[in-house]
Amino acid sequence: MNFSSDRLTKYVNEHTCSESKLLADLRRETELKHINSIMLSGEYQGRLLSLISKIKQPKNILEIGTYTGYSTICLAEGLAENGKIHTIDKNEELVEIQKKYFSKSKFNKNIEIHTGNALEIINGLNIDFDLIFLDADKENYVTYFQIICKILNKNGILITDNVLWHGKVLNSKESHDDVTTKIDQFNKELVLNNKFQTFMLPIRDGLSIAIKL
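The numbering of the sequence shown is my numbering, which starts it at 3 and goes up by one.
Source of the hints: derived by calculation from the structure; they are not laboratory data.
Please note: incorrect hints may appear among the correct ones.
[Claimed, not checked] Derived DEER-like restraints, expressed as beta-carbon distance ranges:
#, residue 1, residue 2, range
1, T11, N196, 34 to 40 Å
2, T145, N15, 32 to 38 Å
3, N157, L203, 18 to 24 Å
[As the list claims (entries may be wrong)] Derived SDA-like pairs (lysine to any residue); straight-line CA-CA distance at most 25 Å:
#, residue 1, residue 2
4, K101, R30
5, K156, N62
6, K86, E98
7, K86, I153
8, K108, R29
9, K106, L42
10, K106, E95
11, K56, G44
12, K58, N84
13, K56, N110
14, K23, I57
15, K106, S20
16, K156, T145
17, K58, S22
18, K102, D27
19, K106, G80
20, K101, T145
21, K152, K175
22, K175, E191
23, K92, N110
24, K197, I213
25, K101, G85
26, K156, K175
27, K101, A26
28, K111, S22
29, K58, A82
30, K56, F109
Computed from a predicted structure; not experimentally measured.
Cβ coordinates follow ideal geometry from the N, Cα and C atoms, glycine included.
Given these sequences and hints, build the entire structure.
This is the structure we're talking about:
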């Protein structure tokens, strides 16, 4: 028996816990006021991020790529008591909407906003993390991974977004796109690294979940 993907998607959404009203408001404002709203994690992926964080109950989370803060709040939902999430984005224009919704959430005191060059900011934090969400400049994924290997605790979780890159990774060898090449290189380095156990999910634009052994 064949089922349309739309019907299956509807069924999946109906049997997945819904986002909060705050997150729904943030998602709608992002979609209305920001032209790159496709960068938003979205409800389905957001619930997965929240679930992983709640299972792990991390003391320290690092998010590389805040955007409007939707995924930040999702990840913060699983923080250990008095835990902290450090979230980094280079776009100063997004700080206003980030602060608007962080202040409305119950995690405002747990969220530390950093604006600027992520590579420089991470090197200045001097913190080890239990969970890291990588969703920033894709051409630097390999460089980020080199740093992540050092600052992610044992049994820590690395979640990486956009690892399928609109399906372009299938033709990365023929691609003249540096971003596609770098994402494919990152995917290969992650799965071949014997210090990590990795699982890739084909949801949205591809989500990779890895645990540091």
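Broken hints, numbered, in rising order?
Going through the list in order, the structure violates hints 20, 21, 26 and respects the others.
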